[in-house]
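Those protein sequences? They're chains V and D, same order as listed.
Per this note's numbering, residue 1 is the first one in the first sequence, and the count goes up by one each step.
Per this note's numbering, residue 1 is the first one in the second sequence, and the count goes up by one each step.
Keep in mind that the hints were calculated from the coordinates and are not lab data.
Beta carbons: idealized from backbone N, C-alpha and C, even for Gly.
Take these hints with a grain of salt, some might be off.
Rough simulated footprint, nothing fancy, chain D against chain V, three-plus residues with beta-carbon under 8 Å [stated by the list, open to error]: (1) 114-126; (2) 139-150; (3) 232-243; (4) 264-276; (5) 291-305.
Pairs of lysine-lysine residues, derived as DSBU-like cross-links and limited to a Cα-Cα distance of at most 30 Å, are as follows [what the hints assert, rightly or not]: (6) V/K18 / D/K100; (7) V/K218 / D/K265; (8) V/K115 / V/K215.
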Amino acid sequence: MAKLADSVQVNAIPSARKRALRRTNVIGWLFASPWAIGLLCFYAIPMLMSIYFSFTTYSILQPGEFVGMNNYRDLFHDPLFWKSIYNTIYFTVFFVPLSIFFGVALAMMLNMKVKGMAVFRTIFFLPTLVPQVALAVLWMWLLHPNFGLVNGMLANIGIDGPSWLGGESWSKPSLILMSLWGIGQAVVIYLAGLGDIPDEYYEAAQIDGANWFQKTRKVTLPLLTPVIFYNLVMGMIGAFQQFTLPYTLTKGQGTPANSMTFYVMYLYENGFRYFKMGYASAMAWILFIIVMALTGIIFITSKRWVHYQGK
Amino acid sequence: MNPIAIKRINRALAYLCLIVASAFFMIPFIWLVSTSLKPLTQIFTFPPEWIPHPIMWSNYSRAVEYIPFWTYLKNTAIITIVSTLGVIISCPLVAYSFAKLEYRGRGILFFVTLAVMMIPGQVTMIPLFLLFTKLGWVGTPLPLIVPQFFGVPIYIFLLRQFFMGLPDALREAARLDGASEFRIYLQIMFPLAKSAVLAVALFQFMGSWTDFMGPLLYLTNEPSYTVSLGLQQFQSQKGSEWGLLMAVSTLMTLPIIVLFFFLQKTFISGITFSGIKG
Numbered sequence: 001m002a003k004l005a006d007s008v009q010v011n012a013i014p015s016a017r018k019r020a021l022r023r024t025n026v027i028g029w030l031f032a033s034p035w036a037i038g039l040l041c042f043y044a045i046p047m048l049m050s051i052y053f054s055f056t057t058y059s060i061l062q063p064g065e066f067v068g069m070n071n072y073r074d075l076f077h078d079p080l081f082w083k084s085i086y087n088t089i090y091f092t093v094f095f096v097p098l099s100i101f102f103g104v105a106l107a108m109m110l111n112m113k114v115k116g117m118a119v120f121r122t123i124f125f126l127p128t129l130v131p132q133v134a135l136a137v138l139w140m141w142l143l144h145p146n147f148g149l150v151n152g153m154l155a156n157i158g159i160d161g162p163s164w165l166g167g168e169s170w171s172k173p174s175l176i177l178m179s180l181w182g183i184g185q186a187v188v189i190y191l192a193g194l195g196d197i198p199d200e201y202y203e204a205a206q207i208d209g210a211n212w213f214q215k216t217r218k219v220t221l222p223l224l225t226p227v228i229f230y231n232l233v234m235g236m237i238g239a240f241q242q243f244t245l246p247y248t249l250t251k252g253q254g255t256p257a258n259s260m261t262f263y264v265m266y267l268y269e270n271g272f273r274y275f276k277m278g279y280a281s282a283m284a285w286i287l288f289i290i291v292m293a294l295t296g297i298i299f300i301t302s303k304r305w306v307h308y309q310g311k
Numbered sequence: 001m002n003p004i005a006i007k008r009i010n011r012a013l014a015y016l017c018l019i020v021a022s023a024f025f026m027i028p029f030i031w032l033v034s035t036s037l038k039p040l041t042q043i044f045t046f047p048p049e050w051i052p053h054p055i056m057w058s059n060y061s062r063a064v065e066y067i068p069f070w071t072y073l074k075n076t077a078i079i080t081i082v083s084t085l086g087v088i089i090s091c092p093l094v095a096y097s098f099a100k101l102e103y104r105g106r107g108i109l110f111f112v113t114l115a116v117m118m119i120p121g122q123v124t125m126i127p128l129f130l131l132f133t134k135l136g137w138v139g140t141p142l143p144l145i146v147p148q149f150f151g152v153p154i155y156i157f158l159l160r161q162f163f164m165g166l167p168d169a170l171r172e173a174a175r176l177d178g179a180s181e182f183r184i185y186l187q188i189m190f191p192l193a194k195s196a197v198l199a200v201a202l203f204q205f206m207g208s209w210t211d212f213m214g215p216l217l218y219l220t221n222e223p224s225y226t227v228s229l230g231l232q233q234f235q236s237q238k239g240s241e242w243g244l245l246m247a248v249s250t251l252m253t254l255p256i257i258v259l260f261f262f263l264q265k266t267f268i269s270g271i272t273f274s275g276i277k278g
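This is chain V alone, in the form it adopts within the complex (with noise of 0.2 Å):
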């Protein structure tokens, strides 16, 4: 009965029309179609594949049977997974607050209207062009024990420095430290947002009197919100996957005492390394399933926090 009313509606819409709309939906997937074949063949499938991997034994040498949750259930007694979660959540839950303390100050001062911006932007940029694993390179010998620049400069004013990447107890501080000089990808989003905020809003709260610090705090912050909730959510992200630098400054080893093994070189290591595939695969999906909770949680409390304009 539905499927004549149905058939009869369809029929009432005059051919012309039913072609024309048959034609934007054939234009409309043509532009998308890269995308779509995109999408199965390198997203969806291989997740499908990662699913079923996460449940077997799999390596690449040999098709591994299926063992039902034994992958989960034997990563929950690895000690060096949960080192690796511990060190990874440590890093994040330091380097993305003070990401975004400094990248929002950075941001702030790259946006004033004064001659010579462009060198003082790129100055700022600079970092982020530089190969992570010259980076490492870089950084492993400006913070040396006994050679590096860092003491160096301490011992001119009579500290005797620590051995950084040498002891367990500075190598992660050490690693925040590294990822902070490359901020500028983050600054530059935020320098986009600043530069979306309306001149008047700025001219308004001129005309009522407000001073630097209150502009900042009524108008730049707020308005800003979206783009620190964006950097935020990728911040994140970024955080938890962290590989090519401790990767490159540990020769995979993740020393000292495994303070530096993080989640996704561990997982890296497991796969290709090892070649247990299924383990890997586990990893993957806890990985994901931490990801999606804390962005969960993170777009839940964003209700409280986070402006739009026009709101």
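Assemble the complex: chain V is given as a structure, and chain D must be docked to it using the hints.
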């Protein structure tokens, strides 16, 4: 105090802040260049010295001979340029369809695109590796190039935001003149989105140029290495060739610094965020 004096003081303060902060960001980079010009003996002096003496220009020539630098550079350039081209061809096309075209299934496709943005690359890493192994692509640059021709979710999202900001009236007018949808896109919309496309292109360029994990996975035979991978060879069993390593790092960084310096204004204006909703 008169207003002009206050303005002067403010400006002086602004420059002071900028210079102090710049120094922090510059120090490691200057150190990189300085070390690249030092003789090995001076690298190990304490306290460290800034000015190399004698200045070892030969570090550079020795560095490019120590590894097959030109081969690696050629590989890096090919991967970077072709994958950037792929992004420029595919992403604006799809983004435009999300922003301006109406078709059945668009909503779902866009929702899935956003969801995919959240998925860590590690989830698909292993199956993709197997797929590319089956195709016989491992050891070639293809795994690092081909996917870009099929769209990258984050760039599609960024470009969609930009296209959303362009007025529909332009399309209507062109359509009345009888232009096809593809012509409207190619001759009107795409040129208008130039700065956003440039921003995306630069992101991809830098990402590809400095990528480490991708080449580490897929470029398994030495002649196909990129410079990023090649850098590792300076840390050999015989001990690290610090000066040479720094020289190659400097060489690798310079082209993108120049690129960014000239493009930074268009680059920043191309990123738009009006319309991100939680």
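Query raised in the report: Which of the listed hints are not met by the structure?
Result: none
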